[in-house]
Amino acid sequence: MKRLTMILLVIVLALATATGYLGYRLSEQQPGLGESLFGTTPAQAKVIDAMAPVLSFTPEAVLGEVPGTINDDLGRKVYIENIPTKIVCMNPAAAEVLFLLGEDERLVGVSDAWLYWIKTPEELVTKIKNKVEDGQIKTFSHYPQFGISPDPEAILALEPGIVFSFGYTLPEYAKALEATGVPVIAFAADTLGDVLRNVVLIGKVVGKEDEAAEIAKEMRERMLAIGTKTIVSTKPSIFYEVWYDESGLWTAGSDSFISSLICLAGGEDIGTVVPSANPKIDPEYVIGSDPEIFILADAPLGAEAPQAILPAERSGWGNLTAVKEGKVYRLTEEEIDRISRPGPGLADGLETLVKIIHPELFE
Numbered sequence: 007m008k009r010l011t012m013i014l015l016v017i018v019l020a021l022a023t024a025t026g027y028l029g030y031r032l033s034e035q036q037p038g039l040g041e042s043l044f045g046t047t048p049a050q051a052k053v054i055d056a057m058a059p060v061l062s063f064t065p066e067a068v069l070g071e072v073p074g075t076i077n078d079d080l081g082r083k084v085y086i087e088n089i090p091t092k093i094v095c096m097n098p099a100a101a102e103v104l105f106l107l108g109e110d111e112r113l114v115g116v117s118d119a120w121l122y123w124i125k126t127p128e129e130l131v132t133k134i135k136n137k138v139e140d141g142q143i144k145t146f147s148h149y150p151q152f153g154i155s156p157d158p159e160a161i162l163a164l165e166p167g168i169v170f171s172f173g174y175t176l177p178e179y180a181k182a183l184e185a186t187g188v189p190v191i192a193f194a195a196d197t198l199g200d201v202l203r204n205v206v207l208i209g210k211v212v213g214k215e216d217e218a219a220e221i222a223k224e225m226r227e228r229m230l231a232i233g234t235k236t237i238v239s240t241k242p243s244i245f246y247e248v249w250y251d252e253s254g255l256w257t258a259g260s261d262s263f264i265s266s267l268i269c270l271a272g273g274e275d276i277g278t279v280v281p282s283a284n285p286k287i288d289p290e291y292v293i294g295s296d297p298e299i300f301i302l303a304d305a306p307l308g309a310e311a312p313q314a315i316l317p318a319e320r321s322g323w324g325n326l327t328a329v330k331e332g333k334v335y336r337l338t339e340e341e342i343d344r345i346s347r348p349g350p351g352l353a354d355g356l357e358t359l360v361k362i363i364h365p366e367l368f369e
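Each residue of the sequence shown is one higher than the last, beginning at 7 in my numbering.
Calculated from the structure, these hints are not laboratory results.
Take these hints with a grain of salt, some might be off.
[Said to hold, decoys possible] Derived EDC-like pairs: lysine to aspartate or glutamate, alpha-carbon spacing no greater than 16 Å straight-line: (1) K330 - D296; (2) K286 - D251; (3) K83 - E71; (4) K235 - E366; (5) K135 - E111; (6) K92 - E111; (7) K235 - E369.
[As the list claims (entries may be wrong)] Label pairs and their in silico Cβ distance ranges: (8) F152 - E66: 35 to 43 Å; (9) S253 - T327: 20 to 28 Å; (10) E252 - G74: 45 to 53 Å; (11) E159 - A318: 28 to 36 Å; (12) N88 - I154: 30 to 38 Å; (13) D251 - L367: 29 to 37 Å; (14) K235 - I154: 40 to 48 Å; (15) Y174 - S147: 44 to 52 Å; (16) F152 - Y85: 29 to 37 Å; (17) D140 - G187: 41 to 49 Å; (18) Q142 - A318: 45 to 53 Å.
Glycine residues also receive a C-beta, built at the ideal position from the N, C-alpha and C atoms.
Whenever a hint applies, use it, and build me the whole structure from the sequences.
In structure tokens, the structure reads:
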């Protein structure tokens, strides 16, 4: 069976690089690729499906140029007249890419998340905090779930050549900026392929396309190297907890790149029953599913937060297999950063998950 699986993986690689499977967002255009390959188990099929957007990615397929038009994640065509000298970046993943490209000096405004819970890359966190303190960078709050949004006039005062936003719809502040002629690129990565694409896209904007392509290629190689190992491994059931308090329980959800990471890491994500990214999930469903591994992603909220209550201390949760076998893992702030931010650190985040789910692969 292992030999057959490896043969199938070679076929997938060939399809991804030489045929119609090549292209942007393969997983959306050809859903269920893994299930269509004869001889794969359902668990192996899910790994193949998670790998498909990574396999199909090539920097050359990322369209757009500056000066010229860039296509953002919302399907909008954004015209950029020149390589911007000033950037307001409300998307932490994009700021990380700029840092790795040596272009973070262009930042004049960022999300205030850098002052509070973002921990990596440590050098960039320190640089941003110092520049905020010195008045070289201004921070903005954007928490639409609480009705908090940046002031467009304050952003305009910085005279940015472009604004990087994040969200599955264009935020109201971004619409206001575009109305004044400031280009806004929206990032909303659904798949691992989207993450790779956006690295190259940011490189195009700042005139560092080749360098960005190398970063994306390295990420791709690391992800595929892990996928070739986990595809033949066992697939323990995983619950990834994003939030827990008296009002409910939230997980990553099937439409999130985090769920794809879990699958690529060799786990069976029980949270995929809920379609939206970061969905609320019924605690009774989690108890009934009896996950073999429980991953807590609550570190940034502090030890006193309600969700800091470990599963073993929750009513009715003590008999979970993960609890009884001591397989409840609490991620550090740095680990959560790398897993939950759709940027270059995602390959590190994938390795973190593999070490939890399949530590034997690192022995």
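Taking the hints in turn, this is what the structure says about them:
1. Between the alpha carbons of K330 and D296 the distance comes to roughly 11 Å, so the proposed pair stays at or under 16 Å and holds.
2. Between K286 and D251 the CA atoms are separated by roughly 11 Å; this keeps the pair inside 16 Å, and the hint holds.
3. A threshold of 16 Å between alpha carbons decides the hint, and for K83 with E71 the separation of about 11 Å falls inside it, so the pair holds.
4. For the hint pairing K235 with E366, the CA-to-CA distance comes to about 11 Å; that is within 16 Å, so the pair holds.
5. About 13 Å separates the Cα atoms of K135 and E111, which keeps this hinted pair within 16 Å; it holds.
6. Straight-line distance between C-alpha atoms of K92 and E111 comes to about 8 Å, which keeps the hinted pair within the 16 Å bound.
7. Between the alpha carbons of K235 and E369 the distance comes to roughly 13 Å, so the proposed pair stays at or under 16 Å and holds.
8. A C-beta distance of roughly 41 Å is found between F152 and E66, which places it inside the suggested range of 35 to 43 Å.
9. Taking the beta carbon of each, S253 and T327 are about 26 Å apart, inside 20 to 28 Å as hinted.
10. For E252 and G74, the Cβ-Cβ distance of about 51 Å falls inside the hinted range of 45 to 53 Å, so the restraint holds.
11. For E159 and A318, the Cβ-Cβ distance of about 50 Å falls outside the hinted range of 28 to 36 Å, so the restraint is violated.
12. Separation of N88 from I154 is about 32 Å and conforms to the stated range, judged on CB atoms against 30 to 38 Å.
13. A C-beta distance of roughly 34 Å is found between D251 and L367, which places it inside the suggested range of 29 to 37 Å.
14. At about 43 Å, the CB distance of K235 to I154 agrees with the hint of 40 to 48 Å.
15. In this structure the supplied range 44 to 52 Å is violated for Y174 paired with S147, their Cβ-Cβ distance being about 19 Å.
16. As the Cβ distance of F152 to Y85 is approximately 33 Å, the hint placing it in 29 to 37 Å holds.
17. Taking 41 to 49 Å as the suggested C-beta distance range, the pair D140 and G187 does not conform, at roughly 29 Å.
18. Q142 and A318 have their C-beta atoms about 47 Å apart, which keeps the hinted 45 to 53 Å range intact.
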